[in-house]
Amino acid sequence: METYARRSDLGGRERHNKPWLDGRPRYIFISDMGDSLSGAVHFDYLKTEIYDVVTGAKGSRHMWLWLTKKPGRMARFSTWLLKQGLPWPSNLWAGTSITAMDKLWRIPRLLTVGDSNTVRFLSVESQREYIDLEPWLPDLDWVIQGGQSASDQYPFDVEWARSMRDDCRKWGVPYFLKQLGSTVELGGRRFALQDSHGGDWSEWPEDLRVREMPQTNGVTNSGTNGRE
Numbered sequence: 003m004e005t006y007a008r009r010s011d012l013g014g015r016e017r018h019n020k021p022w023l024d025g026r027p028r029y030i031f032i033s034d035m036g037d038s039l040s041g042a043v044h045f046d047y048l049k050t051e052i053y054d055v056v057t058g059a060k061g062s063r064h065m066w067l068w069l070t071k072k073p074g075r076m077a078r079f080s081t082w083l084l085k086q087g088l089p090w091p092s093n094l095w096a097g098t099s100i101t102a103m104d105k106l107w108r109i110p111r112l113l114t115v116g117d118s119n120t121v122r123f124l125s126v127e128s129q130r131e132y133i134d135l136e137p138w139l140p141d142l143d144w145v146i147q148g149g150q151s152a153s154d155q156y157p158f159d160v161e162w163a164r165s166m167r168d169d170c171r172k173w174g175v176p177y178f179l180k181q182l183g184s185t186v187e188l189g190g191r192r193f194a195l196q197d198s199h200g201g202d203w204s205e206w207p208e209d210l211r212v213r214e215m216p217q218t219n220g221v222t223n224s225g226t227n228g229r230e
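Heads up: the sequence shown is residues 3 to 230, going by the numbering used here.
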C-alpha cells in the first residue's frame with residue numbers, strides 16, 4: 003500500500019489513453035487480487051495498512067477503491083474506526099462484487115459502510131446472468147459492469163449492458179462498462195471480437211462505449227460515450 007501511495011499525483015492532468023480520467027487523481031484498487039477483509043485479518047492491521055496509508059500525506063492525494071466480497075465485515079471495520087473517532091475517509095471508496103442475483107444480499111451491507119460522504123459502488127463482474135439493480139440504484143454512487151474474461155462458461159449478453167446502462171441513467175448513477183468478456187452474445191448469436199477479453203471498446207456497439215466516473219473533489223462526471 004505504501005508503495006502505491008508514493009506514486010505521482012495525476013490530478014489535473016489529461017489522460018490521453020483514458021479520457022474518462024481527465025483531470026482526476028490517481029485511482030488505486032485495494033485487494034484487487036484477494037480480499038483483505040478475511041476474518042483472519044485483524045482490524046488493527048487494516049487500520050495500519052489501509053486507513054493510515056489512505057489518510058497519510060501521500061495517500062490522500064489519490065482515490066482508493068476497496069472492493070470486497072465481505073461488505074458486512076467492511077461495515078464492522080467502519081464502525082470500529084468510528085468508535086475511535088476516525089471517520090471513513092472520503093477518498094476511500096467502498097465496493098462489493100455482484101456476479102448474479104443471489105449475491106444481491108451484499109448491497110444492503112455495503113450501504114452501511116461509512117457516512118454520507120462515502121462513495122459506494124458495485125463491480126458487476128464477471129456477470130453470469132441478468133441482474134436487476136434498479137431497487138438499489140438510488141442509494142449507489144457508481145456501477146462497473148463486465149463479462150467473464152477467463153473462459154466461455156458464462157456468456158455475456160450485450161442486452162444486459164444496455165439494460166443496466168439505461169437503469170443507471172434513469173437514476174443518475176455513473177455507469178462504467180469495463181469489458182464484454184471472452185464470450186459475447188448479441189441477438190441470441192455469438193458476437194465475435196478480436197480482443198480475447200472483450201476490452202477493446204472500438205469493437206463494441208457504439209452506444210455501449212460508456213465509461214463514467216462519480217463526481218469527486220469538484221471534478222464533474224465524464225461520460226465517454228463514443229470517444230476513443
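Hints are not guaranteed to be accurate.
As the list claims (entries may be wrong) - As a list, the in silico DSS-like pairs of lysine-lysine whose alpha-carbon atoms are at most 30 Å apart:
#1 72 / 180
#2 60 / 85
#3 60 / 105
#4 105 / 49
#5 71 / 20
#6 71 / 49
#7 85 / 172
What the hints assert, rightly or not - Estimated spans, in silico, between C-beta atoms of each pair:
#8 33 / 85: 20 to 30 Å
#9 174 / 4: 29 to 39 Å
#10 192 / 46: 46 to 56 Å
These are calculated hints, taken from the structure and not from any lab test.
Every residue gets a Cβ at the ideal spot worked out from N, C-alpha and C, and that includes glycine.
Please test the hint of 46 to 56 Å on the beta carbon pair from residue 192 and residue 46.
51 Å, holds
Given the hint that residue 85 pairs with residue 172, test it: the Cα-Cα distance must not exceed 30 Å.
Given pair residue 85, residue 172 is violated - Cα atoms ~37 Å apart, limit 30 Å.
Under the criterion that the straight-line Cα-Cα distance not exceed 30 Å, is the pair residue 71, residue 20 satisfied?
27 Å, holds
Note whether the CB distance of residue 33 and residue 85 lies within 20 to 30 Å or breaks it.
23 Å, holds
Run the distance test for residue 72 versus residue 180: straight-line Cα separation, threshold 30 Å.
22 Å, holds
Given the hint that residue 105 pairs with residue 49, test it: the Cα-Cα distance must not exceed 30 Å.
OK: residue 105 and residue 49 at ~27 Å, within 30 Å.
Hinted pair, alpha-carbon criterion (30 Å max): residue 60, residue 85. Please report holds or violated.
Roughly 25 Å between the alpha carbons, so the hint for residue 60 and residue 85 holds.
Between residue 174 and residue 4, does the C-beta distance stay in 29 to 39 Å?
36 Å, holds
Given hint residue 105 paired with residue 60 - CA-CA distance at most 30 Å:
35 Å, violated
For a C-alpha distance cap of 30 Å, please report whether residue 71 and residue 49 respect it.
19 Å, holds
In summary, the numbered hints that this structure violates are 3 and 7.
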